[in-house]
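Engineer: Each chain is listed here by its residues.
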Amino acid sequence: MSAWQAFLRKHWMQRSWPAGKAFAWLVSLFGLAFAAQIFWLAGDQRQVLESSARLLNSTVPSTLEQFRLARNIEQLRLDGERVFSGRTPVARQQALFIVSLLSSHPAMLADRRTAALASEVETFLVQAAREGMSEQRYAEWDTLSNRLSLLADDFSIEGANLATDDLQLMATIMLHSQFKLALVLALVAVFLGGFLFLIHRHLIRPLQKMDKALNELRSGSALTPFSRASMAEIRAVEGAIGQLRDVMHENQKARQELHVLATTDSLTGMFNRRHFLALAEEEIKRAHRYARPICVGMADLDHFKDINDRYGHAVGDRVLQSISDLFGHTLRQSDWVSRYGGEEFAFMFTETTIEEAHRLAERLRQRTADNWIDLGDGSGLQMTLSLGLAEASKGSLEAALGRADAALYTAKKQGRNRVVIAGEATATPRKAVHESSDDLDLPVDER
Amino acid sequence: MCFPAGSSGVCGRLGALCCAALVCAGSAVGLELRVAIARAPVLETPANTQAAPKPTALLADFNFALAREICRRLTAKCVYTYQPFAEIIPAIEDKRIELGFGNHLRTKAREAQVAFSGPLWYSSSRLLSTPAVAERFARQSASEVTLDTLRDVRVAVVSASQQHAYLRSVADTQRLQVLDLATARECIEALNAEQADFVLMYGLGAYLELDATLQPTPVFIGPGIIDHELGGSVHIVLARDDDALRRRVDLALDDMRRDGSYPRLWRRHFPVDLY
Numbered sequence: 003m004s005a006w007q008a009f010l011r012k013h014w015m016q017r018s019w020p021a022g023k024a025f026a027w028l029v030s031l032f033g034l035a036f037a038a039q040i041f042w043l044a045g046d047q048r049q050v051l052e053s054s055a056r057l058l059n060s061t062v063p064s065t066l067e068q069f070r071l072a073r074n075i076e077q078l079r080l081d082g083e084r085v086f087s088g089r090t091p092v093a094r095q096q097a098l099f100i101v102s103l104l105s106s107h108p109a110m111l112a113d114r115r116t117a118a119l120a121s122e123v124e125t126f127l128v129q130a131a132r133e134g135m136s137e138q139r140y141a142e143w144d145t146l147s148n149r150l151s152l153l154a155d156d157f158s159i160e161g162a163n164l165a166t167d168d169l170q171l172m173a174t175i176m177l178h179s180q181f182k183l184a185l186v187l188a189l190v191a192v193f194l195g196g197f198l199f200l201i202h203r204h205l206i207r208p209l210q211k212m213d214k215a216l217n218e219l220r221s222g223s224a225l226t227p228f229s230r231a232s233m234a235e236i237r238a239v240e241g242a243i244g245q246l247r248d249v250m251h252e253n254q255k256a257r258q259e260l261h262v263l264a265t266t267d268s269l270t271g272m273f274n275r276r277h278f279l280a281l282a283e284e285e286i287k288r289a290h291r292y293a294r295p296i297c298v299g300m301a302d303l304d305h306f307k308d309i310n311d312r313y314g315h316a317v318g319d320r321v322l323q324s325i326s327d328l329f330g331h332t333l334r335q336s337d338w339v340s341r342y343g344g345e346e347f348a349f350m351f352t353e354t355t356i357e358e359a360h361r362l363a364e365r366l367r368q369r370t371a372d373n374w375i376d377l378g379d380g381s382g383l384q385m386t387l388s389l390g391l392a393e394a395s396k397g398s399l400e401a402a403l404g405r406a407d408a409a410l411y412t413a414k415k416q417g418r419n420r421v422v423i424a425g426e427a428t429a430t431p432r433k434a435v436h437e438s439s440d441d442l443d444l445p446v447d448e449r
Numbered sequence: 416m417c418f419p420a421g422s423s424g425v426c427g428r429l430g431a432l433c434c435a436a437l438v439c440a441g442s443a444v445g446l447e448l449r450v451a452i453a454r455a456p457v458l459e460t461p462a463n464t465q466a467a468p469k470p471t472a473l474l475a476d477f478n479f480a481l482a483r484e485i486c487r488r489l490t491a492k493c494v495y496t497y498q499p500f501a502e503i504i505p506a507i508e509d510k511r512i513e514l515g516f517g518n519h520l521r522t523k524a525r526e527a528q529v530a531f532s533g534p535l536w537y538s539s540s541r542l543l544s545t546p547a548v549a550e551r552f553a554r555q556s557a558s559e560v561t562l563d564t565l566r567d568v569r570v571a572v573v574s575a576s577q578q579h580a581y582l583r584s585v586a587d588t589q590r591l592q593v594l595d596l597a598t599a600r601e602c603i604e605a606l607n608a609e610q611a612d613f614v615l616m617y618g619l620g621a622y623l624e625l626d627a628t629l630q631p632t633p634v635f636i637g638p639g640i641i642d643h644e645l646g647g648s649v650h651i652v653l654a655r656d657d658d659a660l661r662r663r664v665d666l667a668l669d670d671m672r673r674d675g676s677y678p679r680l681w682r683r684h685f686p687v688d689l690y
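Residue numbers (the working numbering), protein chains in the order written: chain A, 3 to 449; chain B, 416 to 690.
Same shape as in the complex, but just chain B:
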């Protein structure tokens, strides 16, 4: 309310205060982020509501929920898109997105491409096979079947993943035939269709893709693998030159851990504690 005469000072001050408040509000929501989440092929463009998760989409749903919570804590206006895992790091490098939620392991090769947030959870890789193949290889091998002892076999792997990179590096040495597939689901299907003898993928992804009702059910072969950068901490990826954003994301993650919202979010999606 403005007063007509002799009150221009009050009006002016009120106006200045309103402008300052608007500027502050504008700066508070001034951060705009494009967020990419590793795509599950069955999903459409994510809605801004909590959808009922399908078993195989739990990880994507978790990442989406996590991305929304971080955006809320950053008071950022975020635009979410699903993208194939292989496209997230190039999109970060090309500045087409600012944040990537693709369950990326921290490796030296990736450190040259992108920056990493603080660790989200911890992962290892495992070999999967059908019981019949596993039994056959167990009979052939004097010792336990591991990734290092595999020879002359077909191994399915998710394209552009760390498992893919490693298998390609040892494929010639160990005479491995690497099946380069788009998703974990395709890898499991290739195993069930006997197009692959083994699948190499991260443990949580394998757990989420396995269907206990299928017969024969694929089984895990050998111990969990954390060597050769096939295991370790999983991170959000972001541009290397955006250190301020990385710090803010880390602070948001720390806050989530401190106030318990991160463990609750994890528990809402997964039955075991891997963070």
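Only chain A is shown next, with the shape it has when bound in the complex:
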């Protein structure tokens, strides 16, 4: 990049311009150029007006005077002819009077050539009339007559030229004005084109980008970064949109955190009871509406109180976290589990019959029993889990959970570490459950 390009980039392209000021400059520049053109045209117009006024007040009267003088010279010639050709002396004398009258006309006297020729003609004719006509005199008169005709022609031509000169001048000025007018129109077109280009480049296009950015904000997709706008106001709005994006991002993050806090148990990461109940209520309604199978379950860690009492609450928490991880690995994605309270858990098995739920619960119970919980000091322990299951395809969630809870109570009562289905008298034999658990589509135990 050359030095002047760097200078231009630094001082011009990267500089922001207040829109009002920039447009005021542009409009002023256009106004000045336009006004200059108008003054330029006005000069031509003034010249045309002056020329037309001169034509009307001076040239045309002068032309008429020239024509009139030419006519008088021609009449002088004709009356000179009458001096020669008059049939009577009186007629010849009358013609001579008219010659004298014409030759003393002020217009004749005002022009030196005409005055001299008219005087010469009058003197010649007076002398000819006094001394008599002859062939020689007529030949001389013929010469004078020709001179008069030529002079009359000269004045006629000069008169016509006077008007022609002014008209040609006006035509030239009008032609120049036409070019200037075309130039003015071109200037207006260039300015308008430039103006529209600048508006598009520095106003419309940034606004379109801002609109796109706002749409991106609304849709939550990543915000396309802005290129630096030239207009200070546009740049400020772009900055505000960037700030809005940051604020919205932070708000969304906080909202997500709040949602997690409101719906999950902080220790285990499972759904909390309230959120579970809300979700389960909706799911049961859906299952009832479409007559789909659905089951609920209640589980309780056996002798968990003894763990707390013997090892302390930290170990109890560790046990709960370990059990939570185990549940996460063992249950299907469509199954829901929540920490219902203390060491008690609630389950919902969607699109699952009670037999399938039973096999799943048994698998869960077995893996819990097989799960070695590392306490971190080289020691560990194993826990067992009692579960109660209930069909929830009919009736309310509360009733289903109540039946599952009753089944859990029965499981506890029958000796713990077992699964009891509500409404059945005895718990499912542990071995049978083990044998049938392979039929379920369960996640692989990673331990």
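Some hints here could point you the wrong way.
Quick list of simulated restraints, FRET-style, between CB atoms [unchecked claim]: (1) B/P631 x A/E137: 42 to 50 Å; (2) B/D642 x A/Q180: 28 to 36 Å; (3) A/L66 x B/E508: 30 to 38 Å; (4) B/D665 x A/A173: 28 to 36 Å; (5) A/S54 x B/T588: 44 to 52 Å; (6) A/N148 x B/A524: 54 to 62 Å; (7) A/R115 x B/K523: 23 to 31 Å; (8) B/D587 x A/V92: 38 to 46 Å; (9) B/A580 x A/Q180: 22 to 30 Å; (10) B/A524 x A/L185: 57 to 65 Å; (11) A/L66 x B/R583: 31 to 39 Å; (12) B/V585 x A/N59: 54 to 62 Å; (13) B/S558 x A/H178: 55 to 63 Å.
Hints listed in this document are in silico derivations from the structure and should not be mistaken for laboratory results. No residue lacks a Cβ here, since even glycine has one placed at the ideal position from N, Cα and C.
Since the structure of chain A is already known, use the hints to place chain B on it.
Structural biologist: Showing chain B alone in chain A's frame:
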């Protein structure tokens, strides 16, 4: 027509319109002008009809016709009188007349007395003499006989004319005897009667007064003269303080030139174009 009942408004409006029309008509002919035309002695009070012109009365007839046309264009009620040339300017100054048609040249002295219309036509002055006198003076003078070279001669001139004023101004210097006569005709008669050696008068007037049948016929001496304010434009004279009338007269003259009525009027009276 008025309607009896409930139509008083219509009647009132019609009456107002009639009154307005009458007022307008009255104002249109409200201008009254007294017009003086330079007198030819043979003429009586001019009639309002086109009389057959006598050769020597052509200029007066022209002026009369011109005055009537201007009055018509001004929608003025005009009263025409013939007056001697010498009385026209004093009559204008005394407000006894409003317009004077006397073929007045525009001079500085007259500009102090009266106002002038636009130019009517152009005039120059010329010397006239009998052929015998002209020949005699031509023999005596080495150069052409002109007004400036005249010495020890009798010159007839129309009283109160510009030619008269000039001759009086140079009479002593050039030892001229100035014959102060009332009309151009009297000047020509004085020339023919050998009471004057020369006549100095404006060209058109001389042309109109000369009689080609007379023998010997007077001849023009020297060139036409436009110096010493003896030639130039001829005007209607009017009061200096009546600028509105002057403007209206000028507009009427311009209109006559534009519509061709002035050239036609001139051509009806004179054989050559001097306007």
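Engineer: Now tell me if each hint is right for this structure.
Structural biologist: Taking the hints in turn, this is what the structure says about them:
1. B/P631 x A/E137: 42 to 50 Å: Violated: the Cβ-Cβ distance is about 27 Å, outside 42 to 50 Å.
2. B/D642 x A/Q180: 28 to 36 Å: violated, 50 Å
3. A/L66 x B/E508: 30 to 38 Å: holds, 35 Å
4. B/D665 x A/A173: 28 to 36 Å: holds, 32 Å
5. A/S54 x B/T588: 44 to 52 Å: Taking Cβ atoms as reference, A/S54 and B/T588 lie about 50 Å apart, which means the hint holds.
6. A/N148 x B/A524: 54 to 62 Å: violated, 44 Å
7. A/R115 x B/K523: 23 to 31 Å: Roughly 30 Å apart at Cβ, these two residues keep to the hinted range, so it holds.
8. B/D587 x A/V92: 38 to 46 Å: holds, 41 Å
9. B/A580 x A/Q180: 22 to 30 Å: At 58 Å between Cβs, range violated.
10. B/A524 x A/L185: 57 to 65 Å: holds, 59 Å
11. A/L66 x B/R583: 31 to 39 Å: Because 37 Å falls inside the window, the suggested range holds.
12. B/V585 x A/N59: 54 to 62 Å: violated, 38 Å
13. B/S558 x A/H178: 55 to 63 Å: holds, 56 Å
Comparing the model with each earlier hint shows violations of hints 1, 2, 6, 9 and 12; every other hint is respected.
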